[in-house]
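In case you want the letters, here they are:
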Amino acid sequence: MIHFVLLISRQGKVRLTKWYSPYTQKERTKVIRELSGLVLSRGPKLCNFVEWRGFKVAYKRYASLYFCMCTDHEDNELEILEIIHHFVEILDRYFGSVCELDLIFNFHKAYYILDELLIAGELQESSKKTVARLIAAQDSLVEAAKEERSSISTIIAQATK
Amino acid sequence: MGSQGGFGQSKEFLDLVKSIGEARSKSEEDRIILGEIETLKRRIVEPDIPKRKMKEYIIRLVYVEMLGHDASFGYIHAVKMTHDDSLLLKRTGYLAVTLFLNEDHDLIILIVNTIQKDLRSDNYLVVCAALNAVCRLINEETIPAVLPQVVELLGHAKEAVRKKAIMALHRFYQKSPASVLHLISNFRKTLCDKDPGVMGATLCPLFDLVTVDVKSHKDLVISFISILKQVAEKRLPKSYDYHQMPAPFIQIKLLKILALLGSGDKQASEQMYTVLGDIFRKSDTLINIGNAVLYECICCVSCIYPNPKLLDAAADAISKFLKSDHNLKYMGIDALGRLIKISPDIAEQHQLAVIDCLEDPDDTLKRKTFELLYKMTKSSNVEVIVNRMIDYMISINDNHYKTEIASRCVELAEQFAPSNHWFIQTMNKVFEHAGDLVNIKVAHNLMRLIAEGFGEDDDNADSQLRSSAVESYLRIIAEPKLPSVFLQVICWVLGEYGTADGKYSASYITGKLCDVAEAYSNDETVKAYAITALMKLYAYEIAAGRKVDILPECQSLIEELSASHSTDLQQRAYELQALIGLDARAVETVMPSDASCEDIEIDKSLSFLNHYVQESVEKGAQPYIPESERTGMLNTSSFRNEDHHEASMHGLRFEAYDLPKPVVPSKSPVTYTPSTELVPVPEPSYSREVHTSTAVPSISSSGSTELKLRLDGVQKKWGRPNYSSGSTSTSESSSQKTVNGVAQTEIVSTSTSRAQATSSFDLKKPQVEISPEKQRLAASLFGGPSKTDKRPTSSSHKVVKSSSHTTERPPAAKPVDASEKSTPVQPPPDLLDLGEPTVTSSAPLIDPFKQLEGLLDQGENVSVPNHGAVNATKPPEMMSLYAEIAASGQSGGVVNPIPTNGDDLLSGLSGGSIKTAAPGGAAGSPSLSKGPSLKDSLEKDALVRQMGVTPTSQNPNLFKDLLG
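Chains as they are written, first to last, in the UniProt record's numbering: chain A, 1 to 161; chain B, 1 to 964.
Here chain B stands alone, though its shape is the one from the complex (with noise of 0.2 Å):
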């Protein structure tokens, strides 16, 4: 147990820990903190300091700045720890500028050289640690410092280099895509990298090269393709295993980007159902990351070009997720919103666990359920769904997610209103409530709605949108504590269309008006729309030829405001004053009434002015030359320069200055050295093959060039010997084809008789004690649901869809249309069933581990952590913390139904498991601690004692295994 030589600091930073972790307040801790900070700034100057003991300073400062306090005062002497040449400094170095400095930190441009110098060391640790160091602290101008040394260590001998070497492309690839652009032949080369876990690093640079650019990188998804079977067959070694599942983190990253590439692709997509199916089919339900993996699966689904086999699968796993736990439930939901957009129909089958998410007392899946309405709103039920949010609004206090939900709920308000008098009362709620909140554009868009209508040539509608506004804005305008952007557009309004329809005289709105600026008289901009709203009535009044009077209030307003500190206001106030002075016709002039729809021309040429400037030229000025033009001249009249523009563009220098040599001829500064090793490769350019059958074995005959991957390789890498080669799965594939060709006319029919019959079947069954006031609900939200008419509604559907089926036979011509209604014309026959013989009879044996760790996680173990027996003064604290499942075990006295070693399992700890009675536990019932850890705890718990850093009774949990 090496590590348990952990303690090996000196007794005042073990002082320093424990009393932090005795401080029973924040500003307890901050005092010693403080004092800490006091006594290291005075003890990390003095002479002389042994290194070791200013390692340990060095952690000490890691631990003030993990608390939060600022350290900064400390850096200069981690930088220098990272020169030291032996490595357990070296390494305390590194992690302490990488938890101290961020990227744009002064300090990095002296560790750039270290980092240089220890990139080249022939000590993998030492190399290692120093790529750490890349991936925190180079920024973009440091880049090319480092650049060729990591590219060269891609090639080093050990697996753990190659690695991190690959993830620090990664970052600079994310810091500056530029930098590395013409490096994506080694990320390729190192896909095929015999260790698997430089593998499956290299899938997070080429997940994000995909997603910037997918079609470049389609020439990989046959690669892709053949990992992921490899995987899911379990070819990788046994330790990339995790709870029994095959590398699934490697599986997860390789469906994402398999998503990415298949998205809109037919052909593409069709090479990936094989292989998505037998995931769907081994993925082990019971485990979490079995779930993740199903998960991801669906996402890839849902993203690729839609297989109506895979959505039935994918259809099925999201409605055991909504069966599930909460967090599965959450995920579920997240995918159904995924889903939906290929089949909309699905929403339907769940509306009624759908409902009970949105119902739930945890808000995390409330508000996934709300994203999920907002993807599903039309315009018959966005009444519901938007009225729904915005209850949900007004209840909550985060700021962040109410600004979200407010432009949602006005962004399905502008796109599906079904009246404009509900539209505005929907804005009227959205800005009382979150008008400060949302983006300033919204409220611009209302006022242009309102001006311009929805876009319908019906000027009836438009006017009574109008005064249906300007009726609600007088009422709302009373209240009190409205939010800026509100009133601004309530100022707008009834400024343009106040006595529009005649309802209202000039002298009650301007009353109201003035009322506005009175109560908000700190907030200028309502006041500056508030008096352009007077300005407004009153030159329509003086147009329309109505004697003006003016409210004694405007007036002492208008005084007010002319006297104003602000010149925007001062302005406007005189503005209108002199509006107010002049006749009838000028009025009309200056202010036509209902402008704001009018297009203004401007001449952007300014050929007003070309009279003046004729003149002036005349006159012997000189002639005006474009700023295009000027750049231009200055480029060619300096050629020189353009050189030491680009060097200096590269900012700093990291390498020593060359030797001068006699004869320079014509070098320009190289400050970006190439690296010679790679040939820069043009992009790959292979056009896709347009059949499956045979794009296989032209890989195979054209790998002899670098670039491409060899695949045969891959496929022999981490298989048994046996393993079949690429040019059988070739035959197999197209033979696959042609059975497709012949038989796709059944399974049409076939296909979607049975979709009728599963979805005729899900729909009943939901119908058991459903409360009618969620069934209403259902109703309003997913439309009909009902017991008697669902029915009828949802098989029409399907007839429909079977008769387009047959009506649109001829597939060639059917547009790759993801959203269609209805579904692909040719599936691929039982893509789920075709797996080999040996998976399909593997499959239905229940793996008897996993169904242990399945009981274990639904925590029906009655173990009770050994420290226990230690610490046996406290044991019922300790019970009580240890979630209520051990405490009902133990309460009830229940027999371990797990049998003996199954704790092992799950914490993968090995050894001879020990008995000991659990105090204060289930008298008698036995329960089995992990294998060494009783005497480990003991050995600590006296070494910590010795220490003096006795557990107090505030938190005896300290010494609870994590894992439980």
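So that you can see chain A by itself, here it is in the shape it has in the complex (with noise of 0.2 Å):
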């Protein structure tokens, strides 16, 4: 099971998390200062994993942007790997060439992706497309309340008229 997913960039700075373990705010603070310390501070040629509190996180590095999770001790840490590039395939997809910026403004709506990649720390999905049609499936639906709610605003602009 995957405990939480981390974005950091390479400042260190917190792009997006996600805990699927409880963990209070305190605790939180804590593992992101200890783990960005850990990962942002190893070398490219290493390995991408690191062994912290008995616990296993995978990081890979897209750009300025590292992408974490941690999993139990058992886990197979390639999948996990690939887990966070399937994810960011997914997010290259929708954002058309996503950019550290792109997450930066709309952390919400990678937060809507990753909803639907993940569930309850497993994997749900590992088809691109059928998450790809369910996210825009939702947002067609936001534009379509959007055009609702601009044409009533026009039909109370004329009635006010």
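Since the hints were derived computationally from the structure, they do not count as laboratory data.
Incorrect hints may appear among the rest.
[Stated by the list, open to error] Below, a sample of chain B positions facing chain A; criterion: calculated Cβ distance under 10 Å:
| no. | residue |
| --- | --- |
| 1 | Glu103 |
| 2 | Ala168 |
| 3 | Ser176 |
| 4 | Ser179 |
| 5 | Gly200 |
| 6 | Leu328 |
| 7 | Tyr330 |
| 8 | Met331 |
| 9 | Glu404 |
| 10 | Arg408 |
| 11 | Ser505 |
[Stated by the list, open to error] The calculated lysine to aspartate or glutamate pairs, modelled on EDC-like cross-linking and capped at a C-alpha distance of 20 Å, are:
| no. | chain 1 | residue 1 | chain 2 | residue 2 |
| --- | --- | --- | --- | --- |
| 12 | A | Lys26 | B | Glu103 |
| 13 | B | Lys51 | B | Asp84 |
| 14 | B | Lys402 | A | Glu34 |
| 15 | A | Lys26 | B | Glu12 |
| 16 | B | Lys402 | B | Asp391 |
| 17 | A | Lys60 | B | Asp325 |
| 18 | A | Lys13 | B | Glu29 |
| 19 | B | Lys234 | B | Asp193 |
| 20 | A | Lys13 | B | Asp15 |
| 21 | B | Lys26 | A | Glu74 |
| 22 | B | Lys53 | A | Asp139 |
| 23 | B | Lys51 | A | Glu27 |
| 24 | B | Lys51 | A | Glu147 |
| 25 | B | Lys158 | A | Asp139 |
| 26 | A | Lys129 | B | Glu103 |
| 27 | A | Lys30 | B | Asp70 |
| 28 | A | Lys60 | B | Asp362 |
| 29 | B | Lys441 | B | Glu414 |
| 30 | B | Lys51 | A | Glu143 |
| 31 | A | Lys45 | B | Asp15 |
| 32 | B | Lys53 | A | Glu51 |
| 33 | B | Lys341 | A | Glu74 |
| 34 | A | Lys13 | B | Glu28 |
| 35 | B | Lys366 | A | Glu51 |
| 36 | A | Lys109 | B | Glu56 |
| 37 | B | Lys375 | A | Asp75 |
| 38 | B | Lys26 | A | Asp139 |
| 39 | A | Lys18 | B | Asp70 |
| 40 | A | Lys26 | B | Glu371 |
Cβ coordinates follow ideal geometry from the N, Cα and C atoms, glycine included.
Since each chain comes alone in its own frame, lean on the hints to assemble the complex.
Structural data, given as structure tokens:
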């Protein structure tokens, strides 16, 4: 099971956090501080895993952003790395060449996507297409709601004229 | 690009995000966020906030919380938002509450009702949002409130809903297994779902179920194997492919389950061999995910009943891993640790790789290697391994790992210690450096070990152990800053055995003990141990008839402690004073020497009180009733109470009260509504078929029962129409069996001879230029690896083995024991070459795309991110951040060796690739960028600049494509 997902920039800034196991706010801060110290200081030629407090953290760097996932000791690290990559590919498809700035301003969208990919710390969907379709369905609903709202406001505007 | 409309927030929010982005320090960031919290606190309670505004506030709260600050003042507003009718707002509300609230939060009770309502919605997106929340928020107490609805959703028309419902049930199972135990049959049903996504999701709960109880799921082995086979044969929809691998995540999950099911079960394992062999052959070792599957396959092979062919394949895969990059080395070491349990010889082949990993600068790899060494420790190499571990333990600061490695050292030392002296030395080192981290039990264990000896009935050896302990402790005791636990051990041992061999005088040892008590005057436990030790020493002296002269510092210590704040210390001090005044015989009775090993008999029935009890009963006291009887009486006397009990056990009620009915005849309150559709299914109790050949038809014949998995249906689901039906596979397997029976004898001999050949080949190989130091280490770790004596030993091994084969020919009587040294006698022949002709023909064909990817993974691509063109002002910085590979490619001016749209393959992006000259890059060499991204990034950049969020010079890479 995945216990949490962290996105940290190279400067150690938090870009996204998702906790699947209960952690208090204080613990979270501590976890982030410990792990960013651990992960950011590692050289490029070392392996993408860190053992940490009896858990394993797999991380991968994309441009200046580190994606970290913490799992149980018996999980398959290579698989976790690929789940990270899977997530990035979906983000990439959604945002169209995703960059860090997309995630900074649209963190809530990244959350929605993550919710379609992982649930309760387990991979729920391994098909990129399915995830993309679901997110698109949700977005189209949002668009519809917007249109509705604007049409109502035009009606009101006309009525008040 | 609907996604680009994401910057729909107000200027204020964008400014916040921007200022956080530009903050130079954590404290500056904190200051900004605290300001934001103040603003939000004020704003959020204003009356009549428009809903859209509120939504933004909630998202800002999420942001605040994400950055590690407390936004609890706004939780209630997020909860309110989940009640909203519009999906847009509801979704935001749900997102916020799932991020804010842990499952034990008080506010959850307010959401349960909304969730119940939303689970019934006819908009599947609403249901999905609610199910997401269910997975995060529902706790043990609230499970009954939503369980019936979630179960109902298993039959929903949308696969996304079914999938999430399964995941929710899985979550419930984790929270409280009892709540969903009656639903296990549903998991079996959804395993046959026509949507592979739902099937894949079902594997998560099934994995947990199998982990807990292997036996009752043995009948699923065939289904899992058939699913795995179909997946491996690419029968799933293309969209489940990942980097040209067919549904690797599902494969991995299945392999994990099979490993559990096949563990220690020869018959089940034999059914898996073929498919495992297939996967070994098909997995693509050029890509990461291929290796992930391969690794899982090795784990599976090492768990199930061993098969020599598969073990060979696993060993080959491991040796490939160990020759690759760091990640794979790590996995290789891990896999080696798993395989070593079955074939202990395998480590020898890789000894030099292992030693390289042990000396690697990468800490993670080093630790993994220590784990491996821990697993392969024997009495012959324990000294080297434990010494290495201790050296490493001393060098690190990570307390968690220090504790772990210390306890491992202790465990190994206890198990394999070659001599008492070494054992004591090792324990001293461990305690000295990690004393405060090791469990106190370890210390007690050590004391007991010194007291009782190693279990041999050799008193001489025991007393030697003790005197060597005493000697080493007297040497160590003067060192500054020893851990408390270690001092306790030292004090106890000195008190108990300090004067036992007559080497040291009592006054010498008491002096040392007083020094300890003085030096660690803050540690009451140590002082208590010290004074008790003093008491013992004096007692032995008195009992031996010697005159006790108490050193002045001891006297002052006793006086100090008898006035101590701690009553425990006081009591010990007074006891000591009283003891000194007694005569020799009394002292010997009170403090017999070496009494720690004596068994103390405890009179549990307190028979010595019988007389007293009888007396008081005669005087009219109530006789004692045991507690068990007391509760039993309560139960029978107030039977109605029970119902109440049960009702209250389920906690809160979440449904509306029942309408009043005229007569309610003995209806117990139903808080936990049994789902009516699901008839509680009795435990699946299929007697497992003894022969493989008969197992398949029996399944299809009894397929009429609801529960049973209908395999034929599964097979056809994703397959091409001409896929073979169950009957043919049966005949195939049965014919295979007979072949096995006939060919058995020859195969044994050939396989052993082959193994011999390969092993000797492998042994010869690594002898090129190895430093003598490493060789020595290898020799001590693996035992005799040097050129001359290695081959004879290993080949003699083989000889012994093959001879054992011949003697143990009748296979029926052999016990199923994975750890047994001799390999299984009856290996099904040529499992790895058994595949269908179509497969073998396609296997050697190397997919050109995969080759491309392999190249890409090695980083030989010189394409420059298109954003360079946009932000032409700072290209060098960008390039430097873009990993060394690109930079080297740039400087070298290497012409891109990859055919044009190699990039697009990796990123999965389509569209006509736009050519652009790399700024400042390899002049003239055309590099290709991802399709539509140039335009996109221009738009993005323009949009961002419009809003005033100009990327500063500090982090120009915000625009950088993550996928590169």
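Verification of the hints:
Satisfaction of the interface hint for Glu103(B) is found here, the shortest Cβ-Cβ separation to chain A being roughly 7 Å, below the 10 Å cut-off. The interface hint given for Ala168(B) holds, since its Cβ lies 8 Å from the closest Cβ of chain A, which is under the 10 Å cut-off. Hint status for Ser176(B): violated, given a least beta-carbon distance of 14 Å to chain A, over 10 Å. Hint status for Ser179(B): violated, given a least beta-carbon distance of 15 Å to chain A, over 10 Å.
With its C-beta approaching chain A no nearer than about 6 Å, Gly200(B) sits inside the 10 Å limit, and its interface hint holds. Because the smallest distance between the Cβ of Leu328(B) and any Cβ of chain A comes to about 8 Å, under 10 Å, the interface hint for this residue holds. Hint on Tyr330(B) holds. Least Cβ distance to chain A is approximately 5 Å, under the 10 Å limit. A cut of 10 Å between beta carbons decides the hint on Met331(B): the least distance to chain A is about 6 Å, and the hint holds.
With 10 Å as the threshold, the beta carbon of Glu404(B) comes within range of chain A, its nearest partner Cβ sitting at about 8 Å, so the hint holds. Contact between Arg408(B) and chain A, as hinted, is not supported at the beta carbon level, the nearest pair being about 13 Å apart and thus beyond 10 Å. Because the closest C-beta pair between Ser505(B) and chain A is about 48 Å apart, greater than 10 Å, the hint is violated. For a cut-off of 20 Å, the pair hint linking Lys26(A) to Glu103(B) stands: about 17 Å separates their Cα positions.
For the hint pairing Lys51(B) with Asp84(B), the CA-to-CA distance comes to about 9 Å; that is within 20 Å, so the pair holds. Using a Cα cut-off of 20 Å, the hinted pair Lys402(B) and Glu34(A) holds, with the two alpha carbons roughly 17 Å apart. A distance of roughly 28 Å separates the Cα atoms of Lys26(A) and Glu12(B); the hinted pair therefore is violated under the 20 Å criterion. A distance of roughly 11 Å separates the Cα atoms of Lys402(B) and Asp391(B); the hinted pair therefore holds under the 20 Å criterion.
Annotation: proposed proximity of Lys60(A) to Asp325(B) holds, straight-line Cα distance about 15 Å (limit 20 Å). Of the supplied pair hints, the one linking Lys13(A) and Glu29(B) holds, its CA atoms being roughly 10 Å apart against a limit of 20 Å. Only pairs whose Cα atoms come within 20 Å are accepted, and Lys234(B) paired with Asp193(B) is accepted, the gap being roughly 18 Å. The suggested pairing of Lys13(A) with Asp15(B) holds, with an alpha-carbon distance near 17 Å, which does not exceed 20 Å.
For the hint pairing Lys26(B) with Glu74(A), the CA-to-CA distance comes to about 35 Å; that exceeds 20 Å, so the pair is violated. Distance restraint check for Lys53(B) and Asp139(A): the Cα-Cα separation of roughly 19 Å lies within the 20 Å cut-off, and the hinted pair is therefore satisfied. With a C-alpha separation of about 33 Å, the suggested pairing of Lys51(B) with Glu27(A) is violated against the 20 Å cut-off. Of the pairs offered as hints, the one joining Lys51(B) and Glu147(A) holds, with about 16 Å between alpha carbons and a cut-off of 20 Å not exceeded.
Between Lys158(B) and Asp139(A), the direct Cα distance comes to roughly 18 Å. Compliance with the 20 Å bound is thereby established for this hinted pair. Pair hint Lys129(A) plus Glu103(B) does not hold up; C-alpha atoms about 31 Å apart against a cutoff of 20 Å. Only pairs whose Cα atoms come within 20 Å are accepted, and Lys30(A) paired with Asp70(B) is accepted, the gap being roughly 14 Å. Only pairs whose Cα atoms come within 20 Å are accepted, and Lys60(A) paired with Asp362(B) is accepted, the gap being roughly 16 Å.
With a C-alpha separation of about 13 Å, the suggested pair Lys441(B) and Glu414(B) falls inside the 20 Å cut-off, and the hint holds. A C-alpha spacing of about 16 Å is found between Lys51(B) and Glu143(A), which places the hinted pair at or below 20 Å, so the restraint holds. Proposed proximity of Lys45(A) and Asp15(B) is contradicted: the alpha carbons are some 38 Å apart, above 20 Å. For a cut-off of 20 Å, the pair hint linking Lys53(B) to Glu51(A) is broken: about 43 Å separates their Cα positions.
Straight-line distance between C-alpha atoms of Lys341(B) and Glu74(A) comes to about 17 Å, which keeps the hinted pair within the 20 Å bound. A distance of roughly 12 Å separates the Cα atoms of Lys13(A) and Glu28(B); the hinted pair therefore holds under the 20 Å criterion. Restraint check for Lys366(B) and Glu51(A): the C-alpha separation of about 11 Å stays at or below 20 Å, so the hint holds. Restraint check: the Cα-Cα separation between Lys109(A) and Glu56(B) comes to about 13 Å, which is no more than 20 Å; the hinted pair holds.
At most 20 Å may separate the alpha-carbon atoms for a hinted pair to count; Lys375(B) and Asp75(A) meet this at roughly 19 Å. A distance of roughly 35 Å separates the Cα atoms of Lys26(B) and Asp139(A); the hinted pair therefore is violated under the 20 Å criterion. At roughly 15 Å between alpha-carbon atoms, Lys18(A) and Asp70(B) fall within 20 Å of each other, so this suggested pair holds. Between Lys26(A) and Glu371(B) the alpha-carbon distance is near 32 Å, which puts this suggested pair outside the 20 Å criterion.
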